[in-house]
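Undergrad: These are the residues of each chain, in order.
4 protein chains.
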Amino acid sequence: MKLIITKDVQEMNEVGAQQLLGAMHTQYRTNIAITAGSTPKGVYEIMTPLVKNKTYFDNVHYYNFDEIPFKGEEGYGVTMTNLNKLYFDPAAINKEKIHVLDDTNYDGYDDIIANDGGLDFVLLGVGADGHYCGNLPNTTKFGDLTSRVTEDARPDMVDILLSEVGGVEEKRPDFYVTMGPKSIMQIKKLVMIANGKSKAEVVKKLVEGIVTEEFPVTLLTTHPDFTLIVDEEAASLL
Amino acid sequence: MKLIITKDVQEMNEVGAQQLLGAMHTQYRTNIAITAGSTPKGVYEIMTPLVKNKTYFDNVHYYNFDEIPFKGEEGYGVTMTNLNKLYFDPAAINKEKIHVLDDTNYDGYDDIIANDGGLDFVLLGVGADGHYCGNLPNTTKFGDLTSRVTEDARPDMVDILLSEVGGVEEKRPDFYVTMGPKSIMQIKKLVMIANGKSKAEVVKKLVEGIVTEEFPVTLLTTHPDFTLIVDEEAASLL
Amino acid sequence: MKLIITKDVQEMNEVGAQQLLGAMHTQYRTNIAITAGSTPKGVYEIMTPLVKNKTYFDNVHYYNFDEIPFKGEEGYGVTMTNLNKLYFDPAAINKEKIHVLDDTNYDGYDDIIANDGGLDFVLLGVGADGHYCGNLPNTTKFGDLTSRVTEDARPDMVDILLSEVGGVEEKRPDFYVTMGPKSIMQIKKLVMIANGKSKAEVVKKLVEGIVTEEFPVTLLTTHPDFTLIVDEEAASLL
Amino acid sequence: MKLIITKDVQEMNEVGAQQLLGAMHTQYRTNIAITAGSTPKGVYEIMTPLVKNKTYFDNVHYYNFDEIPFKGEEGYGVTMTNLNKLYFDPAAINKEKIHVLDDTNYDGYDDIIANDGGLDFVLLGVGADGHYCGNLPNTTKFGDLTSRVTEDARPDMVDILLSEVGGVEEKRPDFYVTMGPKSIMQIKKLVMIANGKSKAEVVKKLVEGIVTEEFPVTLLTTHPDFTLIVDEEAASLL
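Protein chains in written order, with our numbering: chain A, 9 to 246; chain B, 9 to 246; chain C, 9 to 246; chain D, 9 to 246.
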């Protein structure tokens, strides 16, 4: 694991964007997965003008790594809706370059990726509870590939799912899908960003290097090419 | 994980040698770690005439990944003595190309390897109990780098150490050193060989993909480039 | 350039096969181009039993790098006929894994390869005149991609083409197709084999490192990953 | 070759910096060579605040690829003086990470680089005459490694050398040293920047793909990983 401590969130965003752009500047096709959520917002704001209508990034293929469907609705779920808003729409990414994981294809998703040549890069966020993608404690196991997690996985999962769809009960699904720990470990290069005091405990655990399924993100510290970018607040317990 | 099932031990040895030779045929320096023990004997018998006095393999640097010292003796321990006998001596490998891990340098061993450019390849064996290198159940944790394991790690460790030094009590050390799970996971390509019915249960667990510290080798199934070569007997429970 | 001098043809064949097998033992898809002709015969004899019906090589895709059509005939030309006989048929390679270059697709062949992820490895032979693939002196230029070479390229080309189709005038085509020097230089790893006194002058020029279009193969000495395997006779002028 | 056309010099600089930063963000040591001169000035202005005092770039080792000594002076020559001014000094690069090519070590420079693991990346400029590094027409050959070019290489070389040292006759050396075409071709990834109408003819020739020693830079179009970044003016003849 390579640890990068930046002085503030702005520098974390810049370094995250540098890493992402570096992975995109290849001669041939490159496959990258990117995270939705609030943490990467600043990264995508930096990226958008650098990527929009730039044909020299036509070699880049994008993949989402989890999805929470809106119940009773067709079309995009929570993650893709968020990614579209944060990055794909403002950066005008060609839809042909966006490979969507959802509840219709999750079962063969690892094979789809393998057939596409494997993922070269992923930008990840992390939760205070040690989750990344949809790998929350007590939902997936280290050995899981892309999986369907149901509402009975944890007592609080119904509440989590409700919160994810904005508290609208009619839209609450009874499951979500996510690339599993093993799926993420297959990616050639992992980059994770974390900022703020709420992430200080997570960062401390990652640096200490204890690996336990109860804190899922710890597995990633064993990956041969894992970079963790954190601001000073997130590094404050080191 | 890529699974290769061979019809017998001889083919397992040939495929193991093919993988090893492929990793050695590079233009620049390549760093490989190889296993001692009984399983790789046939691989090294194939390798020896192909490697001996061949200057085109001068780019290959070798590393041992564990060592059990003989108590009260200087010089090589159990692993290096075995590797010398099986491969380094018959293949006449230049001692300058052999980088020895022992109890004097284990503490900085991961840094030494990183400074050398990292390991490119490892040939591993596996035990019926799920151990690889010196990572036996209840000795190291998934997050451990190169470590010193002492005789109080497990109730039966004194017996294990005694057995390793041929049952000679005077030579029994009270510890050994080993690259840890995290050290092995940092290597670019992992290749493991296993043969015979005694390994069938291990192979079954690896293919099932449950990852648990109680069966240490299972972590390796999450590595992005892990190949498991087994004969039909070892594959008989699949 | 890495130069490997073997004691005889048999060792050249073994080292050539080691390199080829190394390139084939990958976890995901690997794309390799292999040479027809008399030089690689021994390599393919080693390869055949090691590859035939081995499902663990299903990830390997094959490409031919030149073709001389039989005039008035549909189906395979000189190169593919030869490759089928030497390797694809005896090794029972699945036809779905063989990507055929011929006069119908040469124009977009470099794009086809790029879309397939690029070639990872090529096994090349070399002629006493410094040709490789169909890149004979005064036919292609260093900057050429896959090209169609016509009978008026050189005064002796009609004779060359006649000889290639076994001296049967009715079968003599008025052109052939070949991956060009630039196409070959795009491949990640180049391995060339040469044996016998007739190749000693070529090998000398390659080692001297003069690069000239009049001796086409000399360009390859500038490639970042080029290995030349020669027997002692071919190395006799060094 | 991958061609990137940017709308102006500022975007060329940004994309050049993105490529450079991408090559620097590696987990282990990375070796990069960078160009002096006027073209990269804007790239280094972008780089300086992003790199200065950032310990997460401690893995980056720098190499200069040519040098013109000041006659009768010890210490840095024209290239290193310029690189220090443009980048190494303002970015406060640790001198231990800067590997200097000069007239004392040029003869073994390619071996030094090979021992360091090879160069991973180079940022190049190009002259209107097709030169890159010190590879001017009629000075080096495609097959040359790092070389010493003397004042009698071309009739105008005395004038060129005089101009390079600011027109001060006392400081004019009678030679310079440069990595040769073959040295540059050994590098894993080549990135070249060019802007302005004066470079339009060069860019046209590179895209046309004719490879000739009379226009040295054309060789690089055969490299398996070569990216050319140009502004619209430099692309105006395409």
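Simulated from the structure, these hints should not be mistaken for laboratory data.
Be a bit skeptical, because a hint or two may be false.
The list makes no distinction among identical chains, and a pair is therefore deemed to hold if it is satisfied within one copy or across any two copies.
[Said to hold, decoys possible] Quick list of in silico lysine to aspartate or glutamate cross-link-like pairs, EDC-like style, CA-CA up to 20 angstroms:
1. Lys10 - Asp128
2. Lys60 - Glu22
3. Lys212 - Asp124
4. Lys10 - Asp118
5. Lys79 - Glu53
6. Lys60 - Glu240
7. Lys179 - Glu19
8. Lys10 - Asp66
9. Lys15 - Asp66
10. Lys149 - Glu19
11. Lys149 - Glu222
12. Lys105 - Asp124
13. Lys179 - Asp167
14. Lys49 - Glu241
15. Lys196 - Asp124
16. Lys103 - Asp152
17. Lys49 - Asp66
18. Lys105 - Asp137
19. Lys10 - Asp119
20. Lys62 - Asp16
21. Lys105 - Asp119
22. Lys149 - Glu221
23. Lys62 - Glu241
24. Lys212 - Asp152
25. Lys105 - Asp164
26. Lys212 - Glu172
27. Lys105 - Glu172
28. Lys196 - Asp233
29. Lys10 - Asp124
30. Lys196 - Asp128
Every value quoted in this text rests on a predicted model; they were computed, and no experiment measured them.
Undergrad: Each hint needs a verdict: does it hold in this structure or not?
TA: Here's how the hints hold up against the structure:
1. Taking CA atoms no more than 20 angstroms apart as the test, Lys10 paired with Asp128 passes in both settings, with 17 angstroms inside one copy and 18 angstroms between copies.
2. Proximity of Lys60 to Glu22 under the C-alpha cut-off of 20 angstroms is found in both arrangements, the shortest distances being 17 angstroms within a copy and 14 angstroms between copies.
3. When the C-alpha separation of Lys212 and Asp124 is checked against a cutoff of 20 angstroms, the pair qualifies neither within a copy, at 36 angstroms, nor between copies, at 28 angstroms.
4. Within a single copy, Lys10 and Asp118 get their C-alpha atoms only as close as 26 angstroms, which misses the 20 angstroms cut-off; across copies the closest is 14 angstroms, which meets it.
5. Taking the shortest Cα distances, Lys79 and Glu53 never come within 20 angstroms of each other, neither inside one copy (30 angstroms) nor across copies (51 angstroms).
6. For the homomeric pair Lys60 and Glu240, the shortest alpha-carbon distance between copies (17 angstroms) is at most 20 angstroms, but the shortest distance inside one copy (31 angstroms) is not.
7. Taking the shortest alpha-carbon separations for Lys179 and Glu19, neither the intra-copy value of 37 angstroms nor the inter-copy value of 44 angstroms comes in at or below 20 angstroms.
8. Within a single copy, Lys10 and Asp66 get their C-alpha atoms only as close as 29 angstroms, which misses the 20 angstroms cut-off; across copies the closest is 11 angstroms, which meets it.
9. Taking CA atoms no more than 20 angstroms apart as the test, Lys15 paired with Asp66 passes between copies only; the shortest distance there is 17 angstroms, against 33 angstroms inside one copy.
10. With identical chains, the CA atoms of Lys149 and Glu19 are never at most 20 angstroms apart, being 33 angstroms at best within one copy and 34 angstroms at best between copies.
11. For the homomeric pair Lys149 and Glu222, the shortest alpha-carbon distances inside one copy (9 angstroms) and between copies (14 angstroms) are both at most 20 angstroms.
12. Taking CA atoms no more than 20 angstroms apart as the test, Lys105 paired with Asp124 passes in both settings, with 12 angstroms inside one copy and 16 angstroms between copies.
13. Taking CA atoms no more than 20 angstroms apart as the test, Lys179 paired with Asp167 passes inside one copy only; the shortest distance there is 12 angstroms, against 61 angstroms between copies.
14. When the C-alpha separation of Lys49 and Glu241 is checked against a cutoff of 20 angstroms, the pair qualifies only within one copy, where the shortest distance is 18 angstroms, while the shortest distance between copies is 35 angstroms.
15. Taking CA atoms no more than 20 angstroms apart as the test, Lys196 paired with Asp124 passes in both settings, with 14 angstroms inside one copy and 19 angstroms between copies.
16. In the homo-oligomer, the alpha carbons of Lys103 and Asp152 never lie at most 20 angstroms apart, since the shortest distance is 29 angstroms inside one protomer and 34 angstroms across protomers.
17. In this homomeric assembly, Lys49 and Asp66 never come within 20 angstroms of each other (Cα to Cα): the closest approach is 22 angstroms inside a single copy and 28 angstroms across copies.
18. Proximity of Lys105 and Asp137 under a CA criterion of 20 angstroms is satisfied in neither setting, with 32 angstroms inside one chain copy and 40 angstroms between copies.
19. Taking the shortest Cα distances, Lys10 and Asp119 sit within 20 angstroms of each other only across copies (13 angstroms), while inside one copy they are farther apart (29 angstroms).
20. Taking the closest pair of Cα atoms, Lys62 and Asp16 come within 20 angstroms of each other only across two copies (13 angstroms); inside a single copy the shortest separation is 29 angstroms, beyond that limit.
21. Proximity of Lys105 and Asp119 under a CA criterion of 20 angstroms is satisfied in both settings, with 18 angstroms inside one chain copy and 18 angstroms between copies.
22. When the C-alpha separation of Lys149 and Glu221 is checked against a cutoff of 20 angstroms, the pair qualifies both within a copy, at 7 angstroms, and between copies, at 12 angstroms.
23. Only between protomers do Lys62 and Glu241 lie at most 20 angstroms apart by alpha-carbon distance; the minimum there is 17 angstroms, versus 35 angstroms within a single protomer.
24. For the identical chains of this complex, Lys212 and Asp152 are inter-copy neighbours only, at 16 angstroms across copies versus 25 angstroms inside a copy, given an alpha-carbon limit of 20 angstroms.
25. In this assembly of identical chains, the alpha carbons of Lys105 and Asp164 never lie at most 20 angstroms apart, being 36 angstroms within a copy and 50 angstroms across copies at closest.
26. Proximity of Lys212 and Glu172 under a CA criterion of 20 angstroms is satisfied in neither setting, with 27 angstroms inside one chain copy and 38 angstroms between copies.
27. In this assembly of identical chains, Lys105 and Glu172 lie within 20 angstroms of each other by CA distance neither inside one copy nor across copies; the values are 26 angstroms within and 45 angstroms between.
28. For the homomeric pair Lys196 and Asp233, the shortest alpha-carbon distances inside one copy (7 angstroms) and between copies (9 angstroms) are both at most 20 angstroms.
29. In this homomeric assembly, Lys10 and Asp124 come within 20 angstroms of each other (Cα to Cα) only across copies, at 17 angstroms, whereas the closest approach inside a single copy is 28 angstroms.
30. In this homomeric assembly, Lys196 and Asp128 come within 20 angstroms of each other (Cα to Cα) both inside a single copy, at 5 angstroms, and across copies, at 14 angstroms.
Checked against the numbered hints above, the structure violates hints 3, 5, 7, 10, 16, 17, 18, 25, 26 and 27; every other hint is satisfied.
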